[in-house]
Amino acid sequence: MAAQQQPLPNSQAPLDVYGGDEVSALVLDAGYCHTRAGFAGEDVPKSVLPSSYGSLKNSDPDSTTTTYRDIFGDECLYPRDGFEVKNYMSRSESVVEDWDAATKIWEHMLIKRLQPDRETRPVIKNGPSEPTADGEGDVAMEDAESQEKPLAENPLLMTEAPWNTGKAREKAIEIAMENWGCPAFWMSRTPVCAAFAAGKASALVIDVGGANTSVTAIHDGMILKRSIQKSPVGGLWLSQQIRTMWDNNDPKVNVIPYFMIENKTPVDAGAPAQARLRHFPFEITQSYRAYEEERLLTEFKESVVEVWKGPGRYLNPGNEELVKSQPGRVFEMPNGWNQMWREQRYRVSEGMWDENAALPNPDGSKAQTIPELIKACLGAVDVDLRPNLLGNVVVTGGTSLLNGFNDRLNNELMAMHPGMKIKLHAAGLSTERRFGAWIGGSILASLGTFHQMWISRKEYEENGVGIVEKRCK
Amino acid sequence: MASHDIRDVLNLPAEGTGLRPTKKPKTSAPRPNLKGLAREVQSLGGDNPIAIVPEISTFKKRRFGSRKPAARWELSPFRNSARSDQSLQLRHWKKETEDQSRATSQPQSDGQTPGENSTEPAKKTDAVDDSNFAKFNVQVDVPQYSEDQYNSNLVNDDWTKDETDYLFGLARDFDLRWPLIWDRYDYAPQLLGNVKEESDVDGTDSNTAMIPAPKPRTLEDLKKRYYEVAAKMMAVQKPVQYMTQAEFSLHETMANFNPVSELQRKKFAQDALSRSTDEAREEEQLLIEVRRIVARQQKLNQERQDLYRRLDFPPTEQDITSFKSSAGLSTLLQNLATADRSKKRKPILDTNGANTPGSAQPSAQPNSTPVSESRRESIAASTGGHRDSIGGGERPERPTKKGSQQQQQQQERKKLTEQEEQIYGVSHHDRLPSGPTFRYERINKILTTKSNAQHQRITNTLAELDIPGRLNMPTRSVVEGMEKLLGSIGILLEIRKLNDKIEAEIRLEQAKKAERKKAAGTAASGSEEANTSAEISSESASANTNEAAHTTNGENTGSISAEKESNSEDGPTSKPTTNSTINGGERHELTNGNDAADIEQAKAESGEDNNIRPTSSGHKRSASVLSGVSDKSTKRLKK
Chain A
1 MAAQQQPLPN
11 SQAPLDVYGG
21 DEVSALVLDA
31 GYCHTRAGFA
41 GEDVPKSVLP
51 SSYGSLKNSD
61 PDSTTTTYRD
71 IFGDECLYPR
81 DGFEVKNYMS
91 RSESVVEDWD
101 AATKIWEHML
111 IKRLQPDRET
121 RPVIKNGPSE
131 PTADGEGDVA
141 MEDAESQEKP
151 LAENPLLMTE
161 APWNTGKARE
171 KAIEIAMENW
181 GCPAFWMSRT
191 PVCAAFAAGK
201 ASALVIDVGG
211 ANTSVTAIHD
221 GMILKRSIQK
231 SPVGGLWLSQ
241 QIRTMWDNND
251 PKVNVIPYFM
261 IENKTPVDAG
271 APAQARLRHF
281 PFEITQSYRA
291 YEEERLLTEF
301 KESVVEVWKG
311 PGRYLNPGNE
321 ELVKSQPGRV
331 FEMPNGWNQM
341 WREQRYRVSE
351 GMWDENAALP
361 NPDGSKAQTI
371 PELIKACLGA
381 VDVDLRPNLL
391 GNVVVTGGTS
401 LLNGFNDRLN
411 NELMAMHPGM
421 KIKLHAAGLS
431 TERRFGAWIG
441 GSILASLGTF
451 HQMWISRKEY
461 EENGVGIVEK
471 RCK
Chain B
1 MASHDIRDVL
11 NLPAEGTGLR
21 PTKKPKTSAP
31 RPNLKGLARE
41 VQSLGGDNPI
51 AIVPEISTFK
61 KRRFGSRKPA
71 ARWELSPFRN
81 SARSDQSLQL
91 RHWKKETEDQ
101 SRATSQPQSD
111 GQTPGENSTE
121 PAKKTDAVDD
131 SNFAKFNVQV
141 DVPQYSEDQY
151 NSNLVNDDWT
161 KDETDYLFGL
171 ARDFDLRWPL
181 IWDRYDYAPQ
191 LLGNVKEESD
201 VDGTDSNTAM
211 IPAPKPRTLE
221 DLKKRYYEVA
231 AKMMAVQKPV
241 QYMTQAEFSL
251 HETMANFNPV
261 SELQRKKFAQ
271 DALSRSTDEA
281 REEEQLLIEV
291 RRIVARQQKL
301 NQERQDLYRR
311 LDFPPTEQDI
321 TSFKSSAGLS
331 TLLQNLATAD
341 RSKKRKPILD
351 TNGANTPGSA
361 QPSAQPNSTP
371 VSESRRESIA
381 ASTGGHRDSI
391 GGGERPERPT
401 KKGSQQQQQQ
411 QERKKLTEQE
421 EQIYGVSHHD
431 RLPSGPTFRY
441 ERINKILTTK
451 SNAQHQRITN
461 TLAELDIPGR
471 LNMPTRSVVE
481 GMEKLLGSIG
491 ILLEIRKLND
501 KIEAEIRLEQ
511 AKKAERKKAA
521 GTAASGSEEA
531 NTSAEISSES
541 ASANTNEAAH
551 TTNGENTGSI
561 SAEKESNSED
571 GPTSKPTTNS
581 TINGGERHEL
591 TNGNDAADIE
601 QAKAESGEDN
611 NIRPTSSGHK
621 RSASVLSGVS
631 DKSTKRLKK
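Chains as they are written, first to last, in UniProt numbering: chain A, 1 to 473; chain B, 1 to 639.
Rather than coming from a laboratory, the hints here were simulated on the basis of the structure. Among the hints, erroneous ones may be present.
Unchecked claim - Subject to a maximum C-alpha distance of 30 Å in a straight line, what follows is the list of computed DSS-like cross-link-like pairs (lysine-lysine):
| # | chain 1 | residue 1 | chain 2 | residue 2 |
| --- | --- | --- | --- | --- |
| 1 | B | K95 | A | K149 |
| 2 | A | K375 | B | K95 |
| 3 | A | K473 | B | K223 |
| 4 | A | K225 | B | K161 |
| 5 | A | K149 | A | K470 |
| 6 | A | K225 | A | K473 |
| 7 | B | K223 | A | K470 |
| 8 | B | K267 | A | K423 |
| 9 | B | K68 | B | K94 |
| 10 | B | K266 | A | K225 |
| 11 | B | K267 | A | K230 |
| 12 | B | K95 | A | K458 |
| 13 | B | K60 | B | K35 |
| 14 | A | K225 | B | K267 |
| 15 | A | K264 | A | K230 |
| 16 | B | K68 | A | K473 |
| 17 | A | K46 | B | K94 |
| 18 | A | K470 | A | K225 |
| 19 | A | K473 | A | K423 |
| 20 | A | K230 | A | K324 |
| 21 | B | K215 | A | K473 |
| 22 | B | K60 | A | K423 |
| 23 | A | K473 | B | K35 |
| 24 | A | K375 | B | K68 |
| 25 | A | K470 | B | K35 |
| 26 | A | K86 | A | K309 |
| 27 | A | K375 | B | K215 |
| 28 | A | K230 | B | K161 |
A quick note: this is a predicted structure, and the numbers were derived from the prediction, not measured.
Please work from the sequences and hints to get the whole structure.
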């Protein structure tokens, strides 16, 4: 990936090999945690927004009915009155649940954020970093319908989870064609895009995302439907594990997000926190607090949690003692309380690999481990493909950035298939890992040979929404 | 104002006038480059150039005159002819071509908005160009069949037409990528009535046909059906006998598709995938071993080929008719001689450059082995050259090949163990006589160097031992044994001669004594006798032993006579018993047990042809007994 993006000097650039032919297409990749949008041909999405959005109760005193105003972007997710945080994606499936909100947030990203100064619109220069005049962040476009089709010049490529339903796909093309007037549309599966981002047409894609972990076999740029394996073992599951660990910790760790802290004084490790909490004149909703707690947990995951690299499982005798003898990591909570974490930071992630090591979830559900997913996935593809798939394992998704993840995965694969050539392809840059599917979509949509694939507006008008099922296989 | 002006003012002598002319060109060289203030500063330094000079870097001037205006790019619409619908017009940025830019140069101001651009191509749709990437759209050729063709050729009990159609649709959709076809294969019979109808037509069991449950198809089932249909359609379109070679082989491959063997192959692959670590490692080791064996075999084959080529006479590519006449032959000979001479000299000079050219003569250096070796090589090379001059090929390859071969041989030599050396008869010599020799000649040489009488005696002894004078099977060990035997015989004969002489002396002395006795008439004292015997023993130890063995020890004689018996069994040779006893005693005193065994063996081997081969163990025993006896006898002597 990195090599692809590095521009060659003009004298060396192989003009006939590079098959790019950009038609200013847009790429949209929606996930449970983040939604990414940008122009095809670029290496990172221009606009990355949390899929969680704010829903603000309209506190107009003279209105009798309560209306909600949706606001998008993490810069406007701050404590306010009557403020709920919602997510338009489904937690268990990573597919769109709330289509109205989805349409709004997508419009916000594709139209307002990517093309802020089109002549047809009133000029407002609001780059992603620039707060708007009213301080409300970005306001949903209620007048979308009144616009002359906002995306009439840009073909749109969307990604979807491989288990997406036909209904959802039809809804997506409908929105793109009817609401936005796209000249052309395409839907591509996330694992396929992730494989393209790694430069592979055939690959075993292990996508360890926020809400889900999926293992999918790709053959010649198409998913093998029978091989799709999905498990909730992902970022949120790991957060739950951390919560359980904190609850069982001695002393119990209180999860107090940053926004609640007014000031704090540093304390020694293990000493009780000395901090003054902020008081708000209004009630903080549970959803907002959960969202903020999740941010804290994410920080903990990024800085403390590690994966036992192997060989063997973490619970094998001796491993825990070894870890205890090694230096741990200190994590300071927003209120100043801090502690050194040693063996626990391996323990929380071990459930991804070893079912017995998983801490019990409050709802009692058990998640399939990653090795099991891989095994089931490979079991569902033709024997002839398996060696090739094992030689092209593509690792993507933000949670795969956990320290030691790739080593462990490699060890597990080696143990499962001794004597096979196993090669992991995990991008070194964290952005490439987080936005793997988007980057693959960006590559795909900027290819010259891809022009013949687009579903054109005329085809849509002739065949209706069903065409997406026929074409995007 | 230059430095010499200052010197002038200060009345200093003009320094180093001799140096000046050399320095001047150095300092004056950079001068013309400097301008303005810099030159003034520089000239202050005079002949000693000032280190720091303000340097004004000048950039290359832009040549505005030849500069082209910036390339114009336009957002031009295009279509892709590979698309099934041609309505889609995408737009990309493209460099404006000459005529376009000229055309748009006048309405430059108004032709820029994208809206107008998009309307423009609508007016002149024929001007919209095709995408460069359309040509990459290739599609696989999936056979087609009509209803009639299906009914007449392709009916199959297991497959309905619907399902076959479905399969072919998938094959077309997925460009015959079988894993995908199998993955997406999800056939559900659409109409129950349809199925019923078909079951009636087929006449199959209606019970199974009624159940619309789709059969799970394996990848092999799908392939089999597809290849069956494809092969049949191929044959329908073009009868088998008219097919080209390629078509026919394709047809054969498809018609002979065997799903069972495919399934078995996949089972094997599955097993290979689910190996344990140990199995995998073992297999890897085996594979390495196999590779090594194959490589070795290849090397061996190549060496053998090389050898064959060497043994073969060189093929001639040239016309040899010119050499058929006697005149032609003589010129050929001359050519060869000159080539030989020129070749012979070169390699020697190469290998030991300091050598005089005179050493090239083969007779000049018979001694030092390395040189003679190199000479031999050079001769070999030159003979190679002979061939080349006739065959006219591969000359440059020769030496390198030879070198590598030699290296290989050296490597081989290192590898040989002692046992192998014995098997292959490899022996190491410090020095080798020049030229080949026959082993029996070595034996003959020993014999011929002796005088006639001695020769006669040796042959007599050999005859006594029942060993033929000329070896029938002169192997190395036999010849060595024979040499040893002959050496021993030589010594034996020598000693016998001595013995005879001493005995004669003793007899003479005894006769003298008897005479003296008679003359003196006095009785001899015991002490005197003892004295004489001591005198005798001091005279010849070996003679004494013989005497002792001969006279005092009955045991000894008994055992010797046993040996004598065994000897007499071998052949009806008559030999005096005294001789034989002396012989035995002497021999074993002189040579140790091992040597004795060797001689016995040599004897046995030489007697092979007679087929009356005495058991060596018996001989050995007798030998050991003899040696033991001889030990005893020596001990007794010491007493």
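Hints, one by one, checked against the model:
1. B/K95 to A/K149: The given pair, whose Cα atoms are some 29 Å apart, holds under the 30 Å limit.
2. A/K375 to B/K95: 52 Å, violated
3. A/K473 to B/K223: Between A/K473 and B/K223 the Cα gap is close to 21 Å, so the pair holds against 30 Å.
4. A/K225 to B/K161: 25 Å, holds
5. A/K149 to A/K470: 26 Å, holds
6. A/K225 to A/K473: 10 Å, holds
7. B/K223 to A/K470: With Cα atoms ~23 Å apart, B/K223 and A/K470 stay inside 30 Å; holds.
8. B/K267 to A/K423: 24 Å, holds
9. B/K68 to B/K94: 18 Å, holds
10. B/K266 to A/K225: 21 Å, holds
11. B/K267 to A/K230: Since the Cα atoms of B/K267 and A/K230 sit roughly 27 Å apart, the hinted pair holds (cutoff 30 Å).
12. B/K95 to A/K458: Given pair B/K95, A/K458 holds - Cα atoms ~29 Å apart, limit 30 Å.
13. B/K60 to B/K35: 17 Å, holds
14. A/K225 to B/K267: Holds: A/K225 and B/K267 sit about 23 Å apart, inside 30 Å.
15. A/K264 to A/K230: Violated: A/K264 and A/K230 sit about 42 Å apart, past 30 Å.
16. B/K68 to A/K473: 50 Å, violated
17. A/K46 to B/K94: 24 Å, holds
18. A/K470 to A/K225: 15 Å, holds
19. A/K473 to A/K423: 28 Å, holds
20. A/K230 to A/K324: 33 Å, violated
21. B/K215 to A/K473: 23 Å, holds
22. B/K60 to A/K423: Answer violated: B/K60 to A/K423 is near 53 Å, above 30 Å.
23. A/K473 to B/K35: 75 Å, violated
24. A/K375 to B/K68: 63 Å, violated
25. A/K470 to B/K35: Answer violated: A/K470 to B/K35 is near 78 Å, above 30 Å.
26. A/K86 to A/K309: 36 Å, violated
27. A/K375 to B/K215: 25 Å, holds
28. A/K230 to B/K161: 36 Å, violated
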